[in-house]
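Residue numbers (this note's numbering), protein chains in the order written: chain A, 1 to 310; chain B, 1001 to 1366; chain C, 2001 to 2283.
Misleading hints may appear alongside valid ones.
Below, in silico cross-link-like pairs of lysine to aspartate or glutamate (EDC-like), each with a Cα-Cα straight-line distance of 20 Å or less [to be verified]:
| id | chain 1 | residue 1 | chain 2 | residue 2 |
| --- | --- | --- | --- | --- |
| 1 | C | Lys2188 | A | Glu204 |
| 2 | A | Lys141 | C | Asp2039 |
| 3 | C | Lys2009 | B | Asp1014 |
| 4 | C | Lys2173 | A | Glu204 |
| 5 | A | Lys141 | C | Glu2228 |
| 6 | A | Lys118 | B | Glu1063 |
| 7 | B | Lys1153 | B | Glu1063 |
| 8 | A | Lys141 | C | Glu2041 |
| 9 | C | Lys2169 | A | Glu25 |
| 10 | B | Lys1029 | B | Asp1209 |
| 11 | C | Lys2188 | A | Glu50 |
| 12 | C | Lys2009 | B | Glu1053 |
| 13 | C | Lys2188 | A | Glu23 |
Pairwise CB distance ranges (calculated) [claimed, not checked]:
| id | chain 1 | residue 1 | chain 2 | residue 2 | range |
| --- | --- | --- | --- | --- | --- |
| 14 | A | Phe115 | B | Asn1083 | 18 to 28 Å |
| 15 | A | Phe294 | C | Val2260 | 16 to 26 Å |
| 16 | A | Gly169 | C | Glu2070 | 20 to 30 Å |
| 17 | C | Glu2070 | A | Ala94 | 36 to 46 Å |
| 18 | A | Phe115 | B | Lys1115 | 38 to 48 Å |
| 19 | A | Gly169 | C | Val2116 | 37 to 47 Å |
| 20 | A | Arg113 | B | Asn1351 | 23 to 33 Å |
| 21 | A | Leu302 | C | Gly2040 | 55 to 65 Å |
| 22 | A | Arg164 | C | Lys2169 | 55 to 65 Å |
| 23 | C | Glu2177 | B | Ser1057 | 51 to 61 Å |
Residues from chain C that face chain A, not an exhaustive set, calculated with beta carbons under 8 Å [as the list claims (entries may be wrong)]:
| id | residue |
| --- | --- |
| 24 | Trp2030 |
| 25 | Pro2053 |
| 26 | Trp2055 |
| 27 | Cys2094 |
| 28 | Leu2105 |
| 29 | Ala2263 |
These are calculated hints, taken from the structure and not from any lab test.
All C-beta atoms, glycine included, are put in the ideal place defined by N, C-alpha and C.
One letter stands for each residue in the lines below.
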Amino acid sequence: MAVTAVPGMVGGRQPLPWMRKLEDERWLAFTLLLPTAILLGLFIAYPFVEGIFLALSDARVGDPGHFVGLKNFAKLWDDSIFWTSVWNTFWYTAVTTVFKLALGLWLAMLLNRHFRGKAIVRAFILLPFIIPTVLSTFAWKWMFDPTFSVINWTLFNLGFIKARINWLGDPSLAMTSIIVVNIWRGVPFFAISLLAGLQTISPELNEAAAIDGARPWARFWLITWPLLLPVTMVVMLFSVIQTFADFQLVYVMTGGGPANATHLFATYAYQIGIGTGLLSQGAAVSLAMFPFLFLIVVIQLLYIRRVEVR
Amino acid sequence: MAEVTLTKLNKYFDTTHVVKDVDLQIRDKEFMVFVGPSGCGKTTTLRMIAGLEAVSSGDIRIENTVVNQVPPMDRDIAMVFQNYALYPHMSVASNMAFGLKMRKFPRDQIQDRIKRAAAILGIENLLGRKPRQLSGGQRQRVALGRAIVRDPKVFLFDEPLSNLDAKLRVQMRVELKKLHERLAVTSIYVTHDQVEAMTLGDRVVVMRDGVVQQVGEPLELYNRPANRFVAGFIGSPAMNFADVTISDQGGKVVAEATGLKIVLPGELAARARTHMNGAGTRATLGIRPEDIHVAGAADSPDHCLEAEVEVVEQLGSEILLDTRVGQALVVASIDPNVRVRTHDKLKLALNPERLHLFDPETEKAF
Amino acid sequence: MIEGAVWRKWVFYNIPLILFVFVLLFPFYWMIITSFRPDGELYRPWNAVNYQPFWTNKPTLEHFVYLFEETDFGQWMINTMFIAVTSTLISLFCGVLAGYALARLNFPFAGSLGTVIFVTYLVPQTLLFIPLAEIIRNFHLGDTPWSLILTYPTFLIPFCTWLMMGYFKAIPKELEECARIDGASRFKAMVYIIVPIAVPGILSAGIIAFTLSWNEFIYALVFLSSPEEKTVAVGVTSELIRGDVFFWGSLMAGALLGSVPVAIVYSFFVEHYVSGLTGSVKG
């Protein structure tokens, strides 16, 4: 009896032709990536291109506008509020990152030992990071309220201050207050991520260093810190980008005020583009963020690669 | 002079009592091996000596100074860890230099010591490499080198050979032995491998469940195990045990079980007699496989037993026979030239001088 | 290791830890106490004699009542829930498939596509919100939940894909090969063997994606305008502040209730959350 071999057929049922095609790795990969590609193309790549066109036009809400070249950017160059927001963004990012790293690492080291209730402490510590930023920021705004501030009350009763502090009304203090809240929200993320990094460092290394005569401070700088560096750099990368492009905190705390003193890129773009309807100008502010973000990512990725190769 | 003395040493982890009343004197320049199954407290004891674990009660003395509260960095010890614990971000040379740098040795002296240690271990060509560029055996050498350059009062080894493959392990064992002879520094070595214990130790401590079972020179443990645990732990293949009743039969002390009747020789009989109470005292009889041979004409029937062969393992240098004697399984190591096959019935003779008797309750040797 | 005396342990470990926990959690306590405090007590200046910050003797539910009777708070919660769940499901679906393809299949440019995903993962929402608003308007999606359901995946999919790649890479190749020898197609091997093994990863990705979309603010702020379409974060911000007047009691009550769903999800899956968070950092 002649047996006709049906290639690829295992059971009695002939698979559908398109299913057969999926046996080819390239076709399968293409199919699996298709939904992602469509969504990301439609809502990331397309808006990015659209953003560039917007920034080069004089579009407003309801008016598609015309091509005007770099006029929007020229205008920004002469805009002192824009330069304030650039400076603010860098200051805000730098200060918060340093503090988040220092405090987060400290907290991670405190958590990287055995004690009772560790799991619960760890779970609670992450709360500031979990709870929607806008909502927890309102709690801070209320704590900073000049008239009803619990912080003023505490400082006064501890004897640190004599008169009320106008936390959010004073231009120089307002930025500091916002920085405090950002640190508060970011420290848990640093702590938990760095804790995970610490746990991958074998305790034997610290023990060996102790036997080799290294005191705790030397053990930290010569063993723990260099070994943690790759994780630290990745955590920093995420945090720096998020902070650089932050919006919610400033929007809720001060809305960019007082007197436009606390604007960041994002809040200023929002104020111009959505608040006053100058879409093109707003898109230009947003887009001005891009070269900086790009540089930050490239520098950090290069550094991470170097650290990891060691 | 670096003696290490442990007095009534105890360790609790929460409520678990892991090291119980350990008393021990480790002499200057001695190579002392702690051996026992995992979880017996040997590593914890070592870590207490290192200062990595706090002492729950009792004292640790190094050179007659109590060091219970002294942190590890001030104890002047060096330790080789099970996973080597090489600093992954430092070169081999920096790994070895680290301990000296921490103790603020001058530069040229550090270089000098590294060079010397590297020469001893044959790792001069590796000094510039990072740990992950090294093979297991090389890492092991670097870990040793890091300990040697320190020139410490005491060397501590925590199962240093357990991550090496079998062949390398034998080789490193020999080198460790040579190294100790050359450096003559008090060494404390923890292992679960009784062969390492027997070959390396000047003296061996056998531990179980946090309790020291016996301390002695390797041969002493082999020839005169203090209890059934030590008897079974030391020696490979392990000692055979059989539950027997001993009784006085016409002036001879006889150990009996189904299919087995052995007349105990003089000295052992005398010791057994002191434990006998009436006819039929229960005891555990022990005999090592290497003390059993196929009976010949010269063997007295007093020390022979009938056995049925179940498995024949030809090892070339010897044959291991798994045999059945009555209810008991007996392993014998016999001359490789004897022809035996599975299901053969044959007569085995025991070397009467090498029989052991243990109390079935306390497991102590008679 | 021998750490020394007990006081050292307190000074160097316990006291700092207690301070950390206190500072990190105090704002939540403040949120809770404020939402139960009557207005009379609430608007008492900090330097008034009877200012009593940490406790109230007359707890009240008036702020919660206001929230539900005078605003669309209930509707906001439903909106947020619907948007968060739907966009999370879409993102998980796309992320699992893409993660599988990038981690386990050989095809041209697999490596560079992985990098592209990582880079999109880093694109902040604030970079694109203005052109996106235009696009949403052109697609006639403005002021509908779909404006968010379709745009949230832009930051959720890269995250899910990145996380799932890590999980998929950890599964031995032999499992798939064995399934294929047993007669499964590539697709079936993926669906029946590999994806079920990665369930913990999918759970982690899903939980974090859910909290991220619940947390999202700027898209919701820009794309939605009618009060009844808003999400909690936007609704609370825009409807409980009238010019300069803040309805602090209701604001805090809204913040409290708006945090509850994430807090519940988080409390049930802390371990998954943490492993997802740290997994995404390890990359």
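Here is what the structure says about each hint:
1. C:Lys2188 - A:Glu204: Between Lys2188 (chain C) and Glu204 (chain A) the Cα gap is close to 44 Å, so the pair fails against 20 Å, i.e. violated.
2. A:Lys141 - C:Asp2039: holds, 17 Å
3. C:Lys2009 - B:Asp1014: Judged against 20 Å, a Cα distance of about 18 Å means the pair holds.
4. C:Lys2173 - A:Glu204: violated, 32 Å
5. A:Lys141 - C:Glu2228: The hint is violated at about 26 Å.
6. A:Lys118 - B:Glu1063: violated, 40 Å
7. B:Lys1153 - B:Glu1063: Judged against 20 Å, a Cα distance of about 9 Å means the pair holds.
8. A:Lys141 - C:Glu2041: Measuring from Cα to Cα gives roughly 18 Å; hence the hint holds.
9. C:Lys2169 - A:Glu25: holds, 17 Å
10. B:Lys1029 - B:Asp1209: violated, 28 Å
11. C:Lys2188 - A:Glu50: Violated, because 40 Å separates the two Cα atoms, which is more than 20 Å.
12. C:Lys2009 - B:Glu1053: holds, 15 Å
13. C:Lys2188 - A:Glu23: Roughly 10 Å separates the two Cα atoms, so the pair holds.
14. A:Phe115 - B:Asn1083: 18 to 28 Å: With Cβ atoms ~25 Å apart, the hint holds.
15. A:Phe294 - C:Val2260: 16 to 26 Å: violated, 39 Å
16. A:Gly169 - C:Glu2070: 20 to 30 Å: holds, 29 Å
17. C:Glu2070 - A:Ala94: 36 to 46 Å: holds, 43 Å
18. A:Phe115 - B:Lys1115: 38 to 48 Å: holds, 45 Å
19. A:Gly169 - C:Val2116: 37 to 47 Å: At 45 Å between Cβs, range holds.
20. A:Arg113 - B:Asn1351: 23 to 33 Å: At roughly 56 Å between Cβ atoms, Asn1351 (chain B) and Arg113 (chain A) fall outside 23 to 33 Å, so the hint is violated.
21. A:Leu302 - C:Gly2040: 55 to 65 Å: holds, 59 Å
22. A:Arg164 - C:Lys2169: 55 to 65 Å: holds, 56 Å
23. C:Glu2177 - B:Ser1057: 51 to 61 Å: holds, 57 Å
24. Trp2030: Holds - the Cβ of Trp2030 (chain C) comes within 8 Å of chain A, reaching about 5 Å at its closest.
25. Pro2053: holds, 5 Å
26. Trp2055: Violated - the Cβ of Trp2055 (chain C) stays beyond 8 Å from chain A, reaching only about 12 Å at its closest.
27. Cys2094: holds, 5 Å
28. Leu2105: Leu2105 (chain C) check passes; min Cβ-Cβ to chain A is 4 Å, inside 8 Å.
29. Ala2263: holds, 7 Å
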